[in-house]
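Enquirer: Now for the letters of each chain:
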Amino acid sequence: MKNWIYILGFALLVTGCHKRERALVKRSLLNAHGKIVYTVFANRADKTMSIVYIDKMHPLRGAEAEPKFVSGAVLEVVTYAQNDNKYWYGSYLNGPLRSVEQLTLKKLDSFPRIGVTAKKARDPSLDPDNWQYSLIEGNSPATGHPHPGRRQIYERTRQIISKSAVFFP
Amino acid sequence: MWHFNKEKPGLFRSNIFRITAALSSLFILIQFIGPRVTRPVVTHPLVASPEVTGILKRACYDCHSNETRKNLWTELAPFSWVIAEDVQEARSRFDFSTFDTLSKAQQQGFIWEMVNMVLDEKMPLPGYSKVHPESGLTSRDISVLKAYAVSLNPAVYHDSLAILDARRQRAADKERPVDLPVSANGVAYSSIKDYQHWQVISTTNRFDNNRSIRVIYGNDIAAEAVRTNHIKPWPEGSIIVKVVWDIIEEKNGDILPGRFNNVQMMIKDSHQFKQSEGWGFAKFTGEGLVPYGKDASFNAACFNCHKAASEYGYVFNIPLPDGENMAVNH
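Which chain is which? The protein sequence lines are W and P, in order.
Residue 133 in my numbering sits at position 133 of the first sequence, and the numbers go up by one each step.
Residue 200 in my numbering sits at position 200 of the second sequence, and the numbers go up by one each step.
Quick caveat, the hints were computed from the structure, so don't treat them as lab data.
Among the hints, a few may not be true.
[Stated by the list, open to error] Sample of chain P residues facing chain W (criterion: CB under 8 Å; computed from the structure):
| no. | residue |
| --- | --- |
| 1 | M117 |
| 2 | L119 |
| 3 | S143 |
| 4 | V144 |
| 5 | K146 |
| 6 | Q196 |
| 7 | T204 |
| 8 | V226 |
| 9 | D254 |
| 10 | I255 |
| 11 | A309 |
| 12 | P319 |
| 13 | D322 |
[Claimed, not checked] Here are the computed lysine-lysine pairs in the PhoX-like style, where the Cα-Cα straight-line distance is at most 25 Å:
| no. | chain 1 | residue 1 | chain 2 | residue 2 |
| --- | --- | --- | --- | --- |
| 14 | P | K193 | W | K35 |
| 15 | P | K122 | W | K86 |
| 16 | P | K307 | W | K26 |
| 17 | P | K251 | W | K47 |
For every residue, glycine included, the Cβ atom is placed at its ideal position computed from N, Cα and C.
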């Protein structure tokens, strides 16, 4: 009888430990709040990977001749540190979250309507001054600290909005 | 003259003698039959630096080349039979003696796979290493092999053709095919048609023979499984989608997505995919979303590679748990 009690106790200990170990392991996945992936990029020198989400994106057809972003568009740039992929040398995986930045395109009265041909050089959606930048979480990828200066914000905004959308089939 | 004792049989009549004689005869006889380790002429060997070939000759060539070293066991049946079969099997996978007959892409693929097998301690085979301690690889040997693999696929900075190609694809922005494709194993693209609105699980980028950048999505079931670490096994109905783009690399380290390459998916259906721990695989390439695989057998090939990630329920690219970090070691 005593043996059975020991066996039962051991079994409970083992399964209990296993469940606790499993429950302790969590992975944080960023909630993009309905936004979809606009583009993705990495930098081997900085050892970072970033995903740019967008809340609304007009169809890309003919995009070369139209404003790149819809008036009022919100971009969210999520930057992770790069990790080695333990299963494949030759691959990096995103690691800890470094920063979340948000860029909001101002609603401009003179903003051209979609479908109206505009010269790319005059596209107001590509003017960093027409975007509101805020650092939601972490440190600025541009400076490495939480309070980037105006110049850095301008450059970072320019860098983000100049990126092309990825093609999805 | 011999006098045989009827109660105690003499040496030649004893059972021990008979058995020994029979076994000896058999042993001599089997030396003339059965498979032998062959050593065909080396025609198109791997072309690499003496340092690289030196390591490979020491650790791999006995099985993966026509230059199998002679020793007692390679010549003595029945051990030689086992070795001959092993060598034949190894050469059929890839043979350094005919390596240069392969396309560059095939060669690169084998070298990257070899490096990863070594890192995973699957090669040289543990049994072989015990008998051949000289085949053990030092950390310096591994560094040399890694550097060799990387040298086969150097970065092309600001590749204007790749940039133009991606721009053309975006500008054309073709409509998705009306009839959504179905893979030969029954996995349908329609089950992931709204994946862009799913949870992003992770991102990867590769600097190997498939230089690319990827975004990995999970449906609600898969995303919850990742969050709570319920991935051994993954729950039924989990679907994972990986979107792959070629890359455009810049000298400052920037890696940008280029042309869309393919969409890959894994779907957990233990009823339909019993042979692969419940995972069904599919890959749809190009704007036309052309399904990979002529018949359903490709599913087994996909699963064979994914066995390496058994610790993560056969899925390669899920992020490390919170608090864990594996520093990048360029």
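Enquirer: If a hint holds in the structure, say so; if it doesn't, say that too.
Expert: Status of the hints after comparison with the structure:
1. Look at M117(P): its Cβ only gets to about 10 Å from chain W, farther than 8 Å, so that hint breaks.
2. The restraint placing L119(P) at the interface with chain W holds, with a minimum CB-CB distance near 5 Å, inside the 8 Å limit.
3. Annotation: interface hint on S143(P) violated; nearest CB of chain W at approximately 11 Å, more than 8 Å.
4. Interface restraint check for V144(P): the shortest CB-CB distance to chain W comes to about 13 Å, outside 8 Å, so the restraint is violated.
5. For K146(P), the interface hint holds, the least distance from its beta-carbon to any beta-carbon of chain W being 6 Å, beneath 8 Å.
6. Annotation: Q196(P) was flagged as interfacial toward chain W, and the flag holds, the nearest CB pair being 5 Å apart, inside 8 Å.
7. Checking T204(P) against chain W by beta carbon gives a least distance of about 5 Å; that is within 8 Å, so the hint holds.
8. The interface hint given for V226(P) holds, since its Cβ lies 5 Å from the closest Cβ of chain W, which is under the 8 Å cut-off.
9. Hint status for D254(P) relative to chain W: holds, with the closest Cβ pair at about 6 Å, below 8 Å.
10. The criterion of a C-beta within 8 Å of any C-beta in chain W is met by I255(P), whose closest approach is roughly 4 Å, and the hint holds.
11. Because the closest C-beta pair between A309(P) and chain W is about 5 Å apart, less than 8 Å, the hint holds.
12. Because the beta carbon of P319(P) sits about 5 Å from the nearest beta carbon in chain W, less than 8 Å, this interface hint is met.
13. Given hint, D322(P) at the interface with chain W, holds; its Cβ is 5 Å from that chain's nearest Cβ, closer than 8 Å.
14. A threshold of 25 Å between alpha carbons decides the hint, and for K193(P) with K35(W) the separation of about 17 Å falls inside it, so the pair holds.
15. For a cut-off of 25 Å, the pair hint linking K122(P) to K86(W) stands: about 14 Å separates their Cα positions.
16. About 23 Å separates the Cα atoms of K307(P) and K26(W), which keeps this hinted pair within 25 Å; it holds.
17. With a C-alpha separation of about 14 Å, the suggested pairing of K251(P) with K47(W) holds against the 25 Å cut-off.
Figure legend: structure checked against the earlier numbered hints; hints not met, in rising order: 1, 3 and 4.
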